[in-house]
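Asks: So you can see what is in the structure, the chains are spelled out below.
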Amino acid sequence: MSAPNRSFAMPKFASTLEFRMLGLAVVLAVILSFISPHFFTERNMFNILDQSVVLGIVAVGMTLVILTGGIDLSVGSVAGLTGIVLALLLKEFPIPVAIVLAIGCGALIGLFSGVLIAVFGLAPFVVTLGVMAMGRSLAYIVSGQRSISGLPLGLQDIVYTTVLGIPTNVIFLIALYIATWAWLTYSKGGRTIYAVGSNIEAARAAGLNTLFYSIFPYVACGALAATAMTFSLAQIMSADPIGGNQLELDAIAAVVIGGASLYGGRGSIFGTLMGVLIMVMIRNGLNLLGVSPFWQGTAIGAIIILALLAERLITWKSRRV
Amino acid sequence: MADSETQEPLLEARGVTRLFGNAYALKDAAITLRRHEICGLLGANGAGKSTLSRIVCGHLSPSSGEILFKGAPLAVGSARDALRSGIALVAQETSLAPDMSVLENIFLPSYAMPGRLSFGQLRQKAQAILSELGHDHVLPLDMEVRRLSAAQRQLVEIAKALALNAELVIFDEPTASLSPTEVVRLFDIMARLKNSGKALAFVSHRLEEVFAITDRVTILREGKTVAEGVPTAGLTQADIIRHMVGRDIGNVYRKASSAAANEQPVALEVIGLNAPPTVRDVSLTVRKGEILGLGGLVGAGRSESAEAIFGLRHRSGGRVLVGGKEIPPNNPIAAIRAGLGMVAEDRRAQNIVPDMTVGENLFLAQMGKHKGFGRGHSARRKQARDLIARLGLPDDRMDANLLHFSGGMQQKVIIARWLLIEPEVLILDEPTKGVDIGTRQAIYELLREVAERGIAVVVISSDFEELLGICERVVVVSDGYTIADLPASRLSEESLTLLAAPRSSAERNAAFLRDLVTSHGGTAFWGLIDEDRFVCLSVATGKGDAPMGLAAGHVYLAHETAIPLALERRKPGMVTEEDGRSTLLTRLSNRRGHDLGWIGLSLPSGSKLPDADALSARMAGLFETPQDDEIDA
Numbered sequence: 001m002s003a004p005n006r007s008f009a010m011p012k013f014a015s016t017l018e019f020r021m022l023g024l025a026v027v028l029a030v031i032l033s034f035i036s037p038h039f040f041t042e043r044n045m046f047n048i049l050d051q052s053v054v055l056g057i058v059a060v061g062m063t064l065v066i067l068t069g070g071i072d073l074s075v076g077s078v079a080g081l082t083g084i085v086l087a088l089l090l091k092e093f094p095i096p097v098a099i100v101l102a103i104g105c106g107a108l109i110g111l112f113s114g115v116l117i118a119v120f121g122l123a124p125f126v127v128t129l130g131v132m133a134m135g136r137s138l139a140y141i142v143s144g145q146r147s148i149s150g151l152p153l154g155l156q157d158i159v160y161t162t163v164l165g166i167p168t169n170v171i172f173l174i175a176l177y178i179a180t181w182a183w184l185t186y187s188k189g190g191r192t193i194y195a196v197g198s199n200i201e202a203a204r205a206a207g208l209n210t211l212f213y214s215i216f217p218y219v220a221c222g223a224l225a226a227t228a229m230t231f232s233l234a235q236i237m238s239a240d241p242i243g244g245n246q247l248e249l250d251a252i253a254a255v256v257i258g259g260a261s262l263y264g265g266r267g268s269i270f271g272t273l274m275g276v277l278i279m280v281m282i283r284n285g286l287n288l289l290g291v292s293p294f295w296q297g298t299a300i301g302a303i304i305i306l307a308l309l310a311e312r313l314i315t316w317k318s319r320r321v
Numbered sequence: 001m002a003d004s005e006t007q008e009p010l011l012e013a014r015g016v017t018r019l020f021g022n023a024y025a026l027k028d029a030a031i032t033l034r035r036h037e038i039c040g041l042l043g044a045n046g047a048g049k050s051t052l053s054r055i056v057c058g059h060l061s062p063s064s065g066e067i068l069f070k071g072a073p074l075a076v077g078s079a080r081d082a083l084r085s086g087i088a089l090v091a092q093e094t095s096l097a098p099d100m101s102v103l104e105n106i107f108l109p110s111y112a113m114p115g116r117l118s119f120g121q122l123r124q125k126a127q128a129i130l131s132e133l134g135h136d137h138v139l140p141l142d143m144e145v146r147r148l149s150a151a152q153r154q155l156v157e158i159a160k161a162l163a164l165n166a167e168l169v170i171f172d173e174p175t176a177s178l179s180p181t182e183v184v185r186l187f188d189i190m191a192r193l194k195n196s197g198k199a200l201a202f203v204s205h206r207l208e209e210v211f212a213i214t215d216r217v218t219i220l221r222e223g224k225t226v227a228e229g230v231p232t233a234g235l236t237q238a239d240i241i242r243h244m245v246g247r248d249i250g251n252v253y254r255k256a257s258s259a260a261a262n263e264q265p266v267a268l269e270v271i272g273l274n275a276p277p278t279v280r281d282v283s284l285t286v287r288k289g290e291i292l293g294l295g296g297l298v299g300a301g302r303s304e305s306a307e308a309i310f311g312l313r314h315r316s317g318g319r320v321l322v323g324g325k326e327i328p329p330n331n332p333i334a335a336i337r338a339g340l341g342m343v344a345e346d347r348r349a350q351n352i353v354p355d356m357t358v359g360e361n362l363f364l365a366q367m368g369k370h371k372g373f374g375r376g377h378s379a380r381r382k383q384a385r386d387l388i389a390r391l392g393l394p395d396d397r398m399d400a401n402l403l404h405f406s407g408g409m410q411q412k413v414i415i416a417r418w419l420l421i422e423p424e425v426l427i428l429d430e431p432t433k434g435v436d437i438g439t440r441q442a443i444y445e446l447l448r449e450v451a452e453r454g455i456a457v458v459v460i461s462s463d464f465e466e467l468l469g470i471c472e473r474v475v476v477v478s479d480g481y482t483i484a485d486l487p488a489s490r491l492s493e494e495s496l497t498l499l500a501a502p503r504s505s506a507e508r509n510a511a512f513l514r515d516l517v518t519s520h521g522g523t524a525f526w527g528l529i530d531e532d533r534f535v536c537l538s539v540a541t542g543k544g545d546a547p548m549g550l551a552a553g554h555v556y557l558a559h560e561t562a563i564p565l566a567l568e569r570r571k572p573g574m575v576t577e578e579d580g581r582s583t584l585l586t587r588l589s590n591r592r593g594h595d596l597g598w599i600g601l602s603l604p605s606g607s608k609l610p611d612a613d614a615l616s617a618r619m620a621g622l623f624e625t626p627q628d629d630e631i632d633a
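If you read the protein sequences in the order shown, they are chains A and B.
Just so you know, we're using the working numbering here: the first sequence kicks off at 1 and counts up by one.
Just so you know, we're using the working numbering here: the second sequence kicks off at 1 and counts up by one.
To be clear, the hints were calculated from the coordinates, so they are not data collected in a lab.
Just so you know, not all the hints are guaranteed correct.
[Stated by the list, open to error] With a straight-line cut-off of 25 angstroms between C-alpha atoms, the simulated SDA-like cross-links for lysine to any residue are:
| hint | chain 1 | residue 1 | chain 2 | residue 2 |
| --- | --- | --- | --- | --- |
| 1 | A | Lys188 | B | Arg347 |
| 2 | A | Lys188 | B | Lys288 |
| 3 | A | Lys91 | B | Ala128 |
| 4 | A | Lys188 | B | Gly115 |
| 5 | A | Lys91 | A | Asn284 |
| 6 | B | Lys382 | A | Trp181 |
| 7 | A | Lys188 | B | Lys571 |
| 8 | A | Lys188 | B | Ala344 |
| 9 | A | Lys188 | B | Lys194 |
| 10 | A | Lys188 | B | Lys382 |
| 11 | A | Lys91 | B | Met113 |
| 12 | B | Lys125 | A | Lys91 |
| 13 | A | Lys188 | B | Asp81 |
| 14 | A | Lys91 | B | Met143 |
| 15 | B | Lys382 | B | Asn331 |
| 16 | B | Lys288 | B | Ala344 |
| 17 | B | Lys125 | A | Tyr186 |
| 18 | A | Lys188 | B | Ala416 |
| 19 | A | Lys91 | B | Gly86 |
| 20 | A | Lys188 | B | Arg146 |
| 21 | A | Lys91 | B | Ser85 |
| 22 | A | Lys91 | B | Ala344 |
| 23 | B | Lys194 | B | Ser118 |
| 24 | A | Lys188 | B | Gly234 |
| 25 | B | Lys608 | A | Leu286 |
| 26 | B | Lys125 | A | Gln235 |
| 27 | A | Lys188 | B | Ser118 |
| 28 | A | Lys188 | B | Gly77 |
| 29 | B | Lys125 | A | Gly189 |
| 30 | A | Lys91 | B | Lys194 |
| 31 | B | Lys125 | A | Ala182 |
| 32 | A | Lys188 | B | Ala112 |
| 33 | A | Lys188 | B | Leu122 |
| 34 | B | Lys571 | B | Ser85 |
| 35 | A | Lys188 | B | Met143 |
[As the list claims (entries may be wrong)] To spell it out: a stretch of chain A is covered by chain B in this simulated footprint if at least three of its residues, at any positions, have a beta carbon under 8 angstroms from a beta carbon of chain B; those stretches are:
| hint | region |
| --- | --- |
| 36 | 203-210 |
| 37 | 235-242 |
[Unchecked claim] Pulled a few chain B residues facing chain A out of the computed Cβ check, cut under 8 angstroms:
| hint | residue |
| --- | --- |
| 38 | Met100 |
| 39 | Leu117 |
| 40 | Leu178 |
Idealized CB from N, CA, C, for every residue including glycine.
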């Protein structure tokens with residue numbers, strides 16, 4: 001009698017935008033495989049997935065924040081700081097304990113931002129800008145301005161263990177996206193995030209816990225930044241105070257390319273995944289083609305602007321109909 | 001058993017006060033809602049109806065006062081607690097999440113309730129609710145709310161409240177954007193809710209609707225309850241309006257001598273202004289030195305009209321002429337250079353630049369008009385000083401921050417800003433909003449002085465007493481149309497309120513009048529009779545009848561019309577005037593016997609007279625079988 005539930009989970013408009021991005025990712029992959037013989041190799045594919053893990057995990061947190069209409073500029077420096085903290089903790093504690101403590105540290109920083117934003121009503125941009133500066137500065141102070149190496153070898157296991165031939169970090173990424181997608185789509189909490197971003201007054205009038213769901217995304221974002229850094233450390237086996245530099249820009253770009261609105265309320269985790277893949281493929285392609293890293297910033301910047309412009313043109317059109 | 005339940009109030013609010021800044025939005029308001037009853041909540045613009053509704057539903061917390069629900073104090077200021085106790089609100093400014101689907105919006109409150117969500121079940125429940133509202137096919141559940149029309153959003157808002165299955169539902173102007181068919185359906189649902197033992201409150205400006213659906217009414221005036229729980233059956237439109245309007249302020253107005261105003265040239269002419277969605281067809285003319293009032297209810301399209309005239313709002317049709325020259329649409333600078341000035345409604349948001357000094361604020365419009373590169377302050381310094389002195393501001397405070405002054409002072413500075421550019425026409429939107437009575441008087445004086453200098457002034461005000469006090473002529477806007485243009489001396493606050501009220505039956509009645517004159521000839525009219533005045537709401541003249549001089553939107557004294565005897569007697573059957581003209585007047589009332597004005601057919605002498613009783617019955621039957629039901633059948 002009634003239509004299947006799937007259409008409820010994915011409103012037509014969002015799905016078309018997401019699938020347009022999927023199309024863009026495929027087109028990009030095809031073009032790159034023609035330009036560079038190295039692109040479409042098994043090794044490079046795993047390389048892309050590997051590179052997607054760090055950005056992908058951070059982008060999940062960023063998606064939650066942006067869905068509520070906020071922004072978190074501090075993820076890069078929170079990742080850098082928690083990386084240093086993790087490296088130091090690993091010298092004192094067993095690996096799992098150190099990881100949990102480092103992630104807790106990231107969550108705590110997110111809680112700090114979230115409370116300032118949701119309780120005191122400060123602008124998310126300004127609060128997280130401040131936290132970004134503090135995080136980076138603390139990373140230098142705590143590390144003594146040098147990178148920390150000599151991490152326990154066991155840490156590598158979280159990256160190099162494979163299940164059915166797939167590295168665990170990639171499995172974690174996929175699991176995280178599926179879990180977040182299910183949570184955002186089918187749980188009350190996930191839908192409350194959308195309601196808060198779309199019209200916080202309506203959410204409050206409906207009796208939803210707007211305070212909790214305004215703070216929670218920042219906590220998740222901080223915790224996920226620390227998680228991403230854990231995987232990064234396991235790959236490179238050293239922590240640098242400059243680690244995670246400019247990660248926030250890539251994460252915001254990925255979310256926005258994925259169709260999320262910076263005004264909140266619109267966006268999806270699937271779109272973010274597409275955004276992450278597009279960002280990583282562009283970087284990977286530019287590297288394979290030997291483009292100077294200095295030019296890469298121009299390319300990424302242009303993509304963010306084009307994505308925003310496209311969103312604006314689309315919403316204009318739908319408003320006129 | 002059922003009876004004692006009826007007597008016990010479900011919700012009782014006493015002495016509710018709410019401050020916004022320093023201004024009282026509510027001052028000692030009270031309301032009682034009982035099961036098996038619909039209570040109308042009425043009041044003029046800004047009387048506090050919405051504030052009281054929002055406090056009861058926990059969206060706002062009161063500054064003081066107590067609210068008892070089922071005899072126990074209700075936790076105030078928490079929407080969640082109110083929802084859990086079973087109190088729901090159909091909000092006026094739709095509180096929907098635009099990016100979410102219709103289904104999700106309907107069940108938004110369920111995201112805060114414990115238990116598992118089953119989207120399949122919710123979908124079925126939503127279908128059932130929408131089909132009750134008659135919209136199961138037209139309102140797709142998966143559509144994003146921002147793609148819906150205003151009426152559809154209103155329906156989602158209603159469905160949202162129904163889905164809560166609440167014991168008490170407050171409908172805050174739910175019919176504002178609904179069609180008559182939808183209104184009838186909504187009323188059927190409200191009646192069913194009432195019969196099933198719920199308590200309902202109904203906020204509306206439409207008195208006809210209040211009479212049609214409510215059992216009692218509570219009336220607010222200036223944040224205070226002036227009539228509580230009065231049974232609707234014993235009231236007339238006039239009673240309600242008298243309560244709503246009240247009399248408090250003494251006479252602060254001094255009428256300008258309006259002599260010879262008609263000979264002045266036209267300063268501003270607006271023809272068929274159209275700026276969707278709120279402004280549909282607005283026309284007005286102001287002469288030099290005249291103060292014209294633009295009256296109507298909040299939301300009727302007055303401010304929007306002013307913004308469209310000035311170029312701040314997209315104008316899609318109509319012409320605006322200043323001093324006979326047409327000005328282009330959507331271009332405020334062109335409007336300013338043509339001689340238009342506008343003091344917008346929201347002082348804080350639209351007029352003041354908070355971080356600039358009094359002087360800089362004063363010169364702001366002048367910077368727009370003036371084409372040179374420099375700011376050109378010094379050239380006008382002297383003129384500014386003169387103005388400042390006239391406003392009663394010491395001129396050594398030109399460099400102070402404007403925010404340090406009172407609201408009234410700020411308003412004077414803003415008005416002075418426009419006087420500095422020496423406009424031909426000055427439009428003021430709610431110039432005395434949030435201003436104390438003393439400053440009000442000073443602003444009235446200032447406006448009259450401005451008019452005496454030959455500037456045409458247009459004043460928009462929700463305060464009808466003010467409008468009638470300072471204006472020589474009033475143009476009434478209702479639902480985006482100009483419906484009346486009258487000298488203020490012909491109007492009273494009551495007749496203005498009647499004119500401004502949007503009427504669900506207006507179109508149906510106009511069609512009926514046209515039918516009448518096609519079958520019988522003569523002139524048919526619909527209007528209100530208020531002692532010796534006749535307020536004409538609609539008129540249709542058949543072929544072959546000399547016009548009777550009646551025009552819609554005008555007020556006449558009975559003895560001025562061609563039918564003084566008929567208007568005076570108001571008896572069944574034909575009344576023949578001295579000149580042989582025969583008139584049949586029939587009182588209109590709705591199903592519950594409330595006054596909806598009079599319908600009349602007037603035939604010139606020598607016409608073939610129809611059977612009076614049959615015709616009367618036909619006229620009176622206008623509300624027995626509403627067209628809506630026929631459409632549905």
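Asks: State for each hint whether it applies.
Replies: Hints, verified against the model:
1. A:Lys188 <-> B:Arg347: violated, 41 angstroms
2. A:Lys188 <-> B:Lys288: Measuring from Cα to Cα gives roughly 62 angstroms; hence the hint is violated.
3. A:Lys91 <-> B:Ala128: Violated, at roughly 63 angstroms.
4. A:Lys188 <-> B:Gly115: Between Lys188 (chain A) and Gly115 (chain B) the Cα gap is close to 10 angstroms, so the pair holds against 25 angstroms.
5. A:Lys91 <-> A:Asn284: Violated: Lys91 (chain A) and Asn284 (chain A) sit about 34 angstroms apart, past 25 angstroms.
6. B:Lys382 <-> A:Trp181: At roughly 67 angstroms apart (the allowed maximum being 25 angstroms), Trp181 (chain A) and Lys382 (chain B) break the hint.
7. A:Lys188 <-> B:Lys571: violated, 65 angstroms
8. A:Lys188 <-> B:Ala344: violated, 43 angstroms
9. A:Lys188 <-> B:Lys194: Distance of about 32 angstroms is beyond 25 angstroms: violated.
10. A:Lys188 <-> B:Lys382: Violated. Lys188 (chain A) to Lys382 (chain B) sits at ~65 angstroms, over the 25 angstroms cutoff.
11. A:Lys91 <-> B:Met113: violated, 46 angstroms
12. B:Lys125 <-> A:Lys91: violated, 58 angstroms
13. A:Lys188 <-> B:Asp81: holds, 18 angstroms
14. A:Lys91 <-> B:Met143: With a Cα-Cα distance of about 55 angstroms, the restraint between Lys91 (chain A) and Met143 (chain B) is violated, given a limit of 25 angstroms.
15. B:Lys382 <-> B:Asn331: violated, 30 angstroms
16. B:Lys288 <-> B:Ala344: Measuring from Cα to Cα gives roughly 21 angstroms; hence the hint holds.
17. B:Lys125 <-> A:Tyr186: holds, 18 angstroms
18. A:Lys188 <-> B:Ala416: Violated - the C-alpha atoms of Ala416 (chain B) and Lys188 (chain A) are around 54 angstroms apart, more than 25 angstroms.
19. A:Lys91 <-> B:Gly86: violated, 57 angstroms
20. A:Lys188 <-> B:Arg146: Given pair Lys188 (chain A), Arg146 (chain B) holds - Cα atoms ~21 angstroms apart, limit 25 angstroms.
21. A:Lys91 <-> B:Ser85: Judged against 25 angstroms, a Cα distance of about 55 angstroms means the pair is violated.
22. A:Lys91 <-> B:Ala344: violated, 66 angstroms
23. B:Lys194 <-> B:Ser118: Answer violated: Lys194 (chain B) to Ser118 (chain B) is near 29 angstroms, above 25 angstroms.
24. A:Lys188 <-> B:Gly234: Distance ~49 angstroms between Lys188 (chain A) and Gly234 (chain B) Cα, so the pair is violated.
25. B:Lys608 <-> A:Leu286: Distance ~94 angstroms between Lys608 (chain B) and Leu286 (chain A) Cα, so the pair is violated.
26. B:Lys125 <-> A:Gln235: Violated, at about 52 angstroms.
27. A:Lys188 <-> B:Ser118: holds, 11 angstroms
28. A:Lys188 <-> B:Gly77: holds, 23 angstroms
29. B:Lys125 <-> A:Gly189: At roughly 21 angstroms apart (the allowed maximum being 25 angstroms), Gly189 (chain A) and Lys125 (chain B) satisfy the hint.
30. A:Lys91 <-> B:Lys194: violated, 71 angstroms
31. B:Lys125 <-> A:Ala182: It holds: about 23 angstroms lies between the C-alpha atoms, which stays within 25 angstroms.
32. A:Lys188 <-> B:Ala112: holds, 7 angstroms
33. A:Lys188 <-> B:Leu122: Within the cut-off at roughly 13 angstroms; holds.
34. B:Lys571 <-> B:Ser85: violated, 53 angstroms
35. A:Lys188 <-> B:Met143: holds, 20 angstroms
36. 203-210: holds (count 7)
37. 235-242: Three-residue rule not met by the region 235-242 of chain A, so violated; n is 0.
38. Met100: Hint on Met100 (chain B): holds, closest Cβ of chain A at ~6 angstroms, below 8 angstroms.
39. Leu117: holds, 6 angstroms
40. Leu178: violated, 20 angstroms
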